[in-house]
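Produce the complete structure using the sequences and hints provided.
Heads up: the protein sequence lines correspond to chains A and B, in order.
Its first residue numbered 1, the first sequence is counted upward by one per residue in our numbering.
Its first residue numbered 1, the second sequence is counted upward by one per residue in our numbering.
Fair warning: there could be bad hints in the mix.
To be verified - Covered stretches of chain A, going by a simulated chain B footprint (3 or more residues, C-beta under 8 Å): (1) 5 to 19; (2) 49 to 55; (3) 87 to 99; (4) 104 to 117.
Stated by the list, open to error - Here are a few chain A residues that sit away from chain B, every Cβ distance over 12 Å (derived from the structure): (5) Ala27; (6) Ala42; (7) Thr146.
What the hints assert, rightly or not - The following label-pair restraints were derived from C-beta to C-beta distances: (8) A:Arg86 <-> B:Asp119: 20 to 28 Å; (9) A:Leu58 <-> B:Asp119: 41 to 49 Å; (10) B:Ala23 <-> A:Leu58: 14 to 22 Å.
Note that these hints are calculated values from the structure, not bench results.
The beta-carbon is built from N, C-alpha and C at its ideal position, and this holds for glycine as well.
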Amino acid sequence: VRRLLPAPVLSVALFAVWLSLSPTVDAAAVLLGALVAVVAPALTAPLRPTPVHVRRPLVAARLLGRVILDSLRSNVAVSTAVSSRRALRSGFVRVPLDVRDPNALAVLAMIVTATPGTAWAELAHDRSALLLHVLSLEDGPGLVATIKQRYERPLMEIFE
Amino acid sequence: MSDVASAVLRLALGCLVLAMGFALLIAVVALAGAVAALVGSFGLLSLRSFFQRVHAPTLASTVGTWSIALATALQQSLVRDQVFVHALLVPAFVAVTAPITTIFLMRAATFRRRVAGEDAPPPLG
Numbered sequence: 001v002r003r004l005l006p007a008p009v010l011s012v013a014l015f016a017v018w019l020s021l022s023p024t025v026d027a028a029a030v031l032l033g034a035l036v037a038v039v040a041p042a043l044t045a046p047l048r049p050t051p052v053h054v055r056r057p058l059v060a061a062r063l064l065g066r067v068i069l070d071s072l073r074s075n076v077a078v079s080t081a082v083s084s085r086r087a088l089r090s091g092f093v094r095v096p097l098d099v100r101d102p103n104a105l106a107v108l109a110m111i112v113t114a115t116p117g118t119a120w121a122e123l124a125h126d127r128s129a130l131l132l133h134v135l136s137l138e139d140g141p142g143l144v145a146t147i148k149q150r151y152e153r154p155l156m157e158i159f160e
Numbered sequence: 001m002s003d004v005a006s007a008v009l010r011l012a013l014g015c016l017v018l019a020m021g022f023a024l025l026i027a028v029v030a031l032a033g034a035v036a037a038l039v040g041s042f043g044l045l046s047l048r049s050f051f052q053r054v055h056a057p058t059l060a061s062t063v064g065t066w067s068i069a070l071a072t073a074l075q076q077s078l079v080r081d082q083v084f085v086h087a088l089l090v091p092a093f094v095a096v097t098a099p100i101t102t103i104f105l106m107r108a109a110t111f112r113r114r115v116a117g118e119d120a121p122p123p124l125g
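Pasting the structure below:
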């Protein structure tokens, strides 16, 4: 099984996406989906330099819910900031990182991008720090603490 | 006879109210997405610096995309009388690909500012 499915999570995801996109779920669709789920991860293995270990599905589900809620809140905040005519105090924030797994960092990039008001600017070569641009910077240290507590810690639990 | 007729009438009215309620809900969700995209586009026009403007389209790629995909999934599920979730894959793919463009744009802008000697954060090393 290890050799046939080197990336089981990816295989399951591909299979599910394939079935949900096929107009009818019949034997042919299932067979083709299974073929895609086996062949595609094997062909794209060189694109994943480090193996992906995903643990703690409950933590992952809670993180997803948290991110959606935070994103909704940021959407409202950025909408009001954009609509009001007063000048914004934008700036860069340096976030020291404890997480090192590249897959976890990729998800952190997704989270930061999915939260309006924060944009990923740069990652240190040794992955020890992250540079963020913040649209409305009121409490820099508070924001760093929030990111580390809310996103980085669960990501370390899931990926490391 | 009139009892049956009035029962049928009441049932039909109930269905109508329910359908209208769902239609209204779907319309509100779709409109919320459209408003988010509009505000994001407005921000792209009105914000002053590049680093501020980069935040505005995020409204369209989050709530804008989510709401319209959700409205599509709800409406199609009702019309087709079966669960229809294709549309919900769109926000997932957008969430995966959006960081790529943002990171490229941000890095290019930061690099240009540093080269030009303008106000930019020091490299992280």
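Going through the hints against the structure:
Evaluation of the coverage hint for the segment 5 to 19 of chain A: breached, as 1 residues show C-beta separations to chain B shorter than 8 Å, against a requirement of three. Figure legend: the segment 49 to 55 of chain A, annotated as covered by chain B; annotation inconsistent (0 residues with Cβ-Cβ distances under 8 Å, at least 3 required). For the segment 87 to 99 of chain A, the stated coverage by chain B is satisfied: 4 residues place a CB nearer than 8 Å to a CB of that chain, which reaches the threshold of 3. Remark: the segment 104 to 117 of chain A is confirmed as covered by chain B, as 9 of its residues place a Cβ nearer than 8 Å to a Cβ of that chain, reaching the required three.
Taking the minimum C-beta to C-beta distance to chain B, about 19 Å, the non-interface status of alanine 27 (chain A) holds against the 12 Å cut. A cut-off of 12 Å between C-beta atoms confirms that alanine 42 (chain A) is not in contact with chain B; the least separation is 21 Å. Every beta carbon of chain B lies more than 12 Å from that of threonine 146 (chain A), the smallest distance being close to 17 Å; the non-interface claim holds. Our hint of 20 to 28 Å for arginine 86 (chain A) and aspartate 119 (chain B) holds, since their Cβ atoms are close to 21 Å apart.
At roughly 44 Å, the beta-carbon separation of leucine 58 (chain A) and aspartate 119 (chain B) lies within the given 41 to 49 Å, and the hint holds. Hint check: alanine 23 (chain B) to leucine 58 (chain A), Cβ distance near 37 Å, so the stated range 14 to 22 Å is violated.
Of the numbered hints given earlier, the model fails hints 1, 2, 10; all others are met.
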